[in-house]
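Peer 1: Given these sequences and hints, build the entire structure.
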Amino acid sequence: MTETGLLLDVADLVVRFRGRRGKQVTALSGVDLTIREGETVGLVGESGSGKSTLGNAVLGLAPVASGTITFAGEDISHARNRQRRRLSRDLQAVFQNPYGSLNPTRTIGSTLAEPMHEQGRFGRAEIQRRIREVLDQVGMPADSAQRYPSEFSGGQRQRIAIARALVLSPRLIICDEPVSALDLSIQAQVLNLLGDLKRELGVSLLFISHDLAVVRYIADSIVVLKHGEIVERGPAAQVYDNPQAEYTQRLLAAAPAPVTHVPFESR
Amino acid sequence: MTSSPTPAPDSTTWIATQPRNRRRRGPLARFIRKPLGVAAAVLLLLGVVASFAPSLLTSIDPQAADFANVLSGPTAAHWLGTDSLGRDILSRIIYGTGPALLGVLIAVGVAALVAIPAGLAAAMFRPVDAVVTRLNDLVMSIPGIIVLLMVLALSGSMNWAMVAVGLLTAPGLVRVVRSSAATVTEEPYIAAARVFGVGKWKIAFRHVLPRIAGPILVNVSLIAANALVTAAGLNFLGLGLTPPTPSWGGLVADGAAVMNQQPWTLVPSGGVIAITVIAFVLLGDAIRDVTAEGWTAGRSKGASITRATTVPATSSDDAVIESADALLRVRDLSIAFPDADGSARSVVQSVSFDIGAGEAVGIVGESGCGKTITGLGVLGMLPGGARVVSGSIQLDGVELLELSPRERAAVRGKTIAFVSQEPMTALDPLFTVGYQISQAVRVHTGASRKRAAARTLELLEQVRIVDPKRVARSYPHEISGGMAQRVSIAIALAGAPRLLIADEPTTALDVTVQAEIVALLRTLQEETGLAVMLISHDLGVVSALCERAVVMYAGQAVERAPVGELMSTPLHPYSAGLLSANPHFATPGSRLQTIPGSVPPPDKWPVSCHFADRCALATEACRVGPIPLVAVAPGRASRCVRVDALQTEGVAR
Amino acid sequence: MLILILKRVLISIPLLFVVSVLVFVLQSFIPGDAAQQIAGPQASPEMVEKLREALGLNLPVWEQYARWLGEVLHGSLGTSLLNGQPVIDALNQRLPTTLSLVIGSTVIATIVGVVLGVISSRGKGAAARFIDVLSIAGLAVPGFWLALLLITVFSVQLGIFPATGYVAFADSPSEWLRSLALPVAALSLTGVTAIAKQTREAMLDVQASDFIRNLRANGIPESAIVFRHALRSSAVRIVTISGLLFIGALGGSVVIEQVFGLPGLGTLAVSATTSKDLPMIQGIAVYFTLIVIVVNLATDIAYGWINPKVRTS
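Chains as they are written, first to last, in the working numbering: chain G, 2 to 268; chain C, 459 to 1111; chain P, 139 to 451.
One or more of the hints may lead you astray.
To be verified - To be clear about the criterion: a stretch of chain P counts as covered by chain C if any three or more of its residues have a C-beta under 8 Å from a C-beta of chain C, and this derived list gives those stretches:
(1) 154-161
(2) 393-406
(3) 410-416
(4) 428-437
Claimed, not checked - Simulated crosslink set (DSSO-like; lysine-lysine; CA at most 30 Å straight-line):
(5) C:K492 <-> P:K262
(6) C:K908 <-> G:K24
(7) G:K24 <-> C:K658
(8) C:K927 <-> C:K872
(9) G:K24 <-> P:K447
(10) C:K927 <-> C:K908
By construction, these hints were calculated from the structure, which means they are not laboratory data.
Glycine included, every Cβ here is placed at the ideal spot set by N, Cα and C.
Peer 2: What follows is the structure in structure tokens.
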């Protein structure tokens, strides 16, 4: 039934929230999206487009009103704790705010150990070994495990958040604006890290961002979302260089690129 | 894999550094260092001893009447004097401690047991929230004192009354727990835990509760204080613990009966209540601080920096003089924060630039480089004790640093105006948009209410708002972020300023809205001859709006150039690094050129090149002393000794 | 806004019901009853039983409650078991005393507290520490003890104010003021410190916000920033605390009235509970609850007046 290599299949997804005065607000109306093994899909849109909601729905953090989310052939549209716990081996997340993404009251070590503890099938030594391994993978020193989040900078925290997502060797990581709170030079470091992980571990990414340039750099294909509906999708280069939808064109035109070789006066 | 090791401190240039991982003390060791907390703990321990073994603390029977010695003041035999029956007051206080503390324990226990789970549940589960909130409102509206009086009449027992006190004070704690937990549950790490399939209660106790321990502890210590005073009040009324059983409230009542003859009797009884309350509050504060210190990085005390506060070598900035008739002329501006030990920690060092009339200049750099502080310095609004250490800021030939605070305030809004980053918090939510604009108009032009109202509509039109009348009547929460930013700009224009300082004015906006605001700023600049100082991390926005840019790194201006030239041929490795780190220019799949490490905090800045530790071109020459900003080409300046290398090798792009 | 008020009022009706049921249920557990109390310890069991029947105390609790409810629907709160006085009359007679005391202390606490809070939010170090010390003192010094201290100093030693007693406003406004001065002072100390601390913290929070910085950066004078913008933003928190203080003062008034011998609802509450005069207790509970409801309503209206977001939603 599953296409070969198909990892995530979101079909006709509708998400509604209870808004003010009990009104229903539709955040996503009938969205389709697929991600293959090893593929990185970029999800682009402005605030209120529903891009984060889509990631949250896959992660079980937003209620699915109708439609289905299939992960590795399994319907996870309404997965609860037990199923989530099993799923979390294959499906992980990295969130935007590097300052809120780690519990400040726990050491990095216990934050990284938590996913393994929840699985309940790892020994103490195995957990320690794995923590060292992922810290090394994201370029953090091993002694970070004994420290608290407040001792790290925003970029370092985001590396640690990525390490936590890697701990269970997932097949898909939902990255919700993982670099947009970071400074440019740090953003580049984290983007390189994600690119390396993609290549070396073959992990799939759903990369959610408002920044088209970042998405084009990291993603294989791009999906453009507006007001809860998909307005355009296609290979990254095609969407970026030759956008079809009027909205995508507007987005691209609006993003001010640092202009090179063009003197100010001539524009 | 780019690992980013912390740059090795070079002993010759790093004035003072302290290893970041100072040894962590255990909770007890941290507690011992709080004298007030320790004093409170000792006092309360004494109270516990008095509760369980009062005879250890006094040999006098609290009931023993000594009619020869009634109402004596403090004497050698009776340290705190005697009451109207000649009973020893100290002994009665000691024997009254047990019931007093037990009562507090009951009230606090009941309140905590009810309120913490209820508050957490309300924050974590939506349906529970409505129930808990309703119930809370209900209990808060019950006349507590009536219930207490009835429970006392009903049971005749102080302990049941204290259970009631606990229940009646629980709603306050429920509110505290609920609201602080609700804030924490918004944080992404909670979402991450849910992704792992961690159960909600586990999340509540493992991830939420430790975070909100502070407010809970403070509130619990207030509940304890309240319970103690309430119990004393009831005993004072002769309810609950009735004479001759010794109780603190009863002692006050005894004293009240004889206060005309011997006012002293009021002192020890009131004193013990007051001291115990203070002990509760201080202990609560101390425990809160100790728990929080466990996980927050302490300001490493003693790692103070004995640095040369200013760097005189760089002050001869021969590279400036960009326009003879500059509107704003900043020279060698250095700004410092006071350090814990009184020395100055400089955050902006010797920054110079000009902004001509009608010109737009970008101040570019990452966070922590001193851009915003520079802007606030020009406005004369430095935060938190920061001050200008040296330098000059001239506006239209007038030295701003020589003006009085009042004169400087008069410049703001009239000649220099300001627009900030986050439009949704930039306006006062309690006043209409129209009111806020017309207030600014009236302040700056002295116009009448009516004239100001007309001018308000003009300003709204000037910032291209389609329906000015309707928007003027709106409150900030009724308009969009882009609209709010336009309104902020309208307020800034109210005094017809000549220079607008815009601090990341588009960063919080969506790209399409961002483009509109940039376009608006350009139009205003053309229409009104407004000069703009654009503070931004975004090279794209800067290149869309500005003629020239100043690149800042770690408190210094490292490069000054016309924007186009800066983008095509950066002449400082940091500018070059920023450009090549931008994914705009990258080929998908290839690695981005990165700058290793991150911007060092001000206490780690060397006297020599601030960027050397992250720079691929750095040599020994970069680490020996201060690097001046020098003219490297017409209209261009760079703070780099390896400009030639940069020019010949170029930067990998 | 009007709908909000109406909603609030509607929600209050079940609250009154709950409180009255609670009082009845609690009361039914109290050993001994008014009959025993009235008849005195020497009375024979038959006499007590007769009295009990006459007063309707022999009926099951729910029936007593139903009777009481019936009376309420006829606009009465029954009569005192002790002296047959209609409860409403007794309460109305004493209500002005308690209200003068409680309103007076809340108003004083709010005004003094806000002034102190604003001043200390403008000052540095010492002013802040002063408020911190003051607020601990406000917690630590029990109102009844402070009352005794005030009596000792101002009545006994200086003789400026009367130690006890109450003079109605209608009889002599100046004496009314004098008779209330000390009780109000004793009752408002905690409130002053709580309001001062909250005002200070709210003012500091607001001062750190973006919009205050923008006002300052765009040349709005400091006086307008502090009094028009910052104080108004802080008002939400101040109003909340004032409302809570009012309710707290209602409880505190019981002890304070006792100390100063004021004929208010508080002294009545103490005597009614000790003599188990159920209709009276019930009546006081209803009055107190009504006062709390009115205060909460006033707080809500104040929120709406301050914050347009509340008004429009």
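Peer 1: So which of those numbered hints doesn't the model satisfy?
Peer 2: Hint 6 alone not satisfied by this model.
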